[in-house]
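Given the sequences, and given the hints that come with them, work out the whole structure.
Protein sequences appear in the order of chains A and B. When we follow the working numbering, the leftmost residue of the first sequence carries the number 10, and every step to the right adds one. When we follow the working numbering, the leftmost residue of the second sequence carries the number 10, and every step to the right adds one.
Treat each hint with caution, since some may be false.
One copy or any two copies: either way a pair holds, since identical chains are not told apart in the list.
[Stated by the list, open to error] Computed list of lysine-lysine pairs in DSS-like fashion (alpha-carbon distance at most 30 Å, straight line): (1) Lys406 x Lys19; (2) Lys119 x Lys173; (3) Lys406 x Lys74; (4) Lys11 x Lys406; (5) Lys386 x Lys74; (6) Lys362 x Lys92; (7) Lys362 x Lys108; (8) Lys362 x Lys84; (9) Lys193 x Lys119; (10) Lys11 x Lys173; (11) Lys92 x Lys314; (12) Lys314 x Lys84; (13) Lys386 x Lys84; (14) Lys59 x Lys11.
Think of the hints as simulated: they come from the structure by calculation, not from any bench.
2 protein chains.
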Amino acid sequence: MKNDLEQLMKANNADALWISGAASHNPGMVYFTGNIHVSAGDLFIIPGRKPVLFHGMMEREEAAKTGYDLISYAKYPIQDFMKQANGQLLEAAALRYRKMLEDIGLTSGKVFLYGTREFGPFFALLTRLQELMPELEFTGDYNDAIILEARATKDLAEIEEIRKMGRITVSVVQRVQDYLASHKVENETLIKEDGTVLTIGDVKSLINLWLAEAGAENPEATIFAIGRDGGIPHSTGTPEDPIQLGKAIVFDIFPCQGGGGYFYDFTRTWCLGYAPEEVQQAYDQVKQVYHQVVSELQLGENPAKYQDRTCELFEEMGHATIRQNSAIEEGYIHGLGHGVGLDVHEKPWFGRKEDPTNCLRIGSVFTIEPGLYYPSKGYGIRIEDSWYVAEDGSFQKFVDFPMVLVVPMKGG
Amino acid sequence: MKNDLEQLMKANNADALWISGAASHNPGMVYFTGNIHVSAGDLFIIPGRKPVLFHGMMEREEAAKTGYDLISYAKYPIQDFMKQANGQLLEAAALRYRKMLEDIGLTSGKVFLYGTREFGPFFALLTRLQELMPELEFTGDYNDAIILEARATKDLAEIEEIRKMGRITVSVVQRVQDYLASHKVENETLIKEDGTVLTIGDVKSLINLWLAEAGAENPEATIFAIGRDGGIPHSTGTPEDPIQLGKAIVFDIFPCQGGGGYFYDFTRTWCLGYAPEEVQQAYDQVKQVYHQVVSELQLGENPAKYQDRTCELFEEMGHATIRQNSAIEEGYIHGLGHGVGLDVHEKPWFGRKEDPTNCLRIGSVFTIEPGLYYPSKGYGIRIEDSWYVAEDGSFQKFVDFPMVLVVPMKGG
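Right, here's the structure in full:
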């Protein structure tokens, strides 16, 4: 949680955190600033002082919402440094940043770099700045040891933000289900009121629309995939595909607040009207594994344990799994879950056995999403809910939604 | 344009381009891959061979849409490198990337880095990889000399993509205007059908909704700001503010295709019902400057020239300008425009005088957006259209939309 940060910085010999980029779709920044309209900023977290945010002059009111110490970039016009830099833009930018760092007293020590942004120019800038300021050591936090470690456990306010997204998510999922069930059917195919065939693309447009209505967005595309596409876990679905009875539809939706904020992650698999026996059997197996694994979750465990356990359970049922062969394309072929927060994938990880900090703790938020994939047989199955560890150490689902494969059609 | 790339690489001694990150909201990647669902990739552009895309095994079908040579990350399981790395994750990752680079024959030469992604971990990886592969030189393209230079001129297909976004944009703007004009008014304030006051927040929700309906999104927040807020160029507006007659509303909308793609950028300023004389006067001045500058645009010129010219025109009218003082907050206080493409702000720049490549050429796409800001007097004005240079060298607006301050109310 955020109040672990100072201790985490100490443990990692961090003298400062430098978080760069916009305050939207930039989890490292949004964690500190909230979702404000700052299109470019440099935030410095230095123990013992208020955070300092460099911001564009025109965004000062948005920047002020943070309550941090503010410094406008306008104090450092680039042309003032161009002469000293003999007209070289990169050199001028490096001199400018040196002055900015000097002004906040950051001239020595280990500086950890964060922020989602265009990589190349900042890499060039830092490489030169490192030469200009040899007393500083710029480094990246490859082991997620500081900010992502703090973010790995959520406080109550964050849990409620995520639950809010959960409620929005299942309300959209319910709306999609009702919409599908209301269609007429001809030759096993859903038909719209105008007489044309209902397609994957039609439904995806409505999902986006309904998310927007609820103030949410799905920055990476929602997965709504039918038949064979559903058997390719990250296929988002083919827009032209008609929606037909008896074919498994994998609906994986992971929205966040508009502009970037906390995510929710959720999947259901449906067959409209009826399900072929093999698909129903596979569904029941996935559901059984889901419930079995959930019943075994324990505080303090590395979640990689449950990935192993899931493989074991699927193997006992006769399915190939990814722990037998990391390149398989049929059977159980992905991880059991992942942490969820300002990133849709974050700590805790389900594949990081060696890391003792990678464990289920109070405030952990994560998905459980077993699945079976048989594209050659024309189907895939996945069931997913997001979970958290409550203050009393119990494991809680954020929101409920029925786990039923067959969606009966209401239309004629 | 894309076919300038090989020549640009040669001119900058680039042996390879390495573009990293997702294929959504990552302009450097989307330029090559199109808008596909690849959540993490490494793309290598090496002269004389087909581009190579490393991708997640589960995203192979999406990756295949590029037509590039594909290599799955699953070929390089991280645990295979952990032993050699004594269990150190960063070291294992660096050894893994060394193997990947060796496998595509990239073991020496200058490699330019691109891609929007989380900065810190990749910085750590490259720092270590640089030590492991001293024959390679990793560098950032601070001067936008290669990919952004190619992107700075658009081919006909790109122009049409942008025009498509332009059409969507003005259709949403028109819808907002009609919606506003249809309201009842009480005490100068717009009243909804349910009898409550219409707010900035209400209108912004509808803008997002109508963009989503059209398959578009505004990844950074749309600006819809009234009164004093409109006088702060990057204030996005206060959701609780009521919409009132006679107050200038700055409506700056810059959507792109859902998931990231080509942007359009457009602004109108409106007063509902009537305009105070001072606001009307300022509006007429901004409009006059807009038309004057547009009439002076010439092929081959550095657009910084027109920023100077705009300052000159506003100063003649008695306004303070940013060229007199870069920290001013009233008058004409920002740049005249910017290039538009896969980034909402890109080359050509209106403030880069020294760069001879920064000029208006066939295929240039850019905004013209003069404005006047007087927050202390409770208003701001901005007018903006996106323009391009056609194949015959003429300057063309993408789409038309009336430039009129006062929006008459139709309601009772």
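We went through each hint and held it up to the structure:
1. Lys406 x Lys19: Close neither inside one copy (34 Å) nor across copies (56 Å); limit 30 Å.
2. Lys119 x Lys173: Neither. Shortest intra-copy (38 Å) and inter-copy (48 Å) distances fail the 30 Å Cα cut-off.
3. Lys406 x Lys74: neither (33 Å within a copy, 37 Å between copies)
4. Lys11 x Lys406: within (23 Å within a copy, 49 Å between copies)
5. Lys386 x Lys74: Classified as between; 23 Å across copies, 54 Å inside a copy.
6. Lys362 x Lys92: between (53 Å within a copy, 14 Å between copies)
7. Lys362 x Lys108: between (43 Å within a copy, 23 Å between copies)
8. Lys362 x Lys84: between (48 Å within a copy, 20 Å between copies)
9. Lys193 x Lys119: So Lys193 and Lys119 fail the 30 Å test inside a copy (64 Å) and across (60 Å) alike.
10. Lys11 x Lys173: within (20 Å within a copy, 44 Å between copies)
11. Lys92 x Lys314: Result: close only across copies, 20 Å inter versus 59 Å intra.
12. Lys314 x Lys84: So Lys314 and Lys84 pass the 30 Å test across copies only (24 Å; inside, 53 Å).
13. Lys386 x Lys84: Between copies only: 25 Å across, 64 Å inside.
14. Lys59 x Lys11: So Lys59 and Lys11 pass the 30 Å test inside one copy only (14 Å; across, 46 Å).
Going through the hint list in order, the structure does not satisfy hints 1, 2, 3 and 9.
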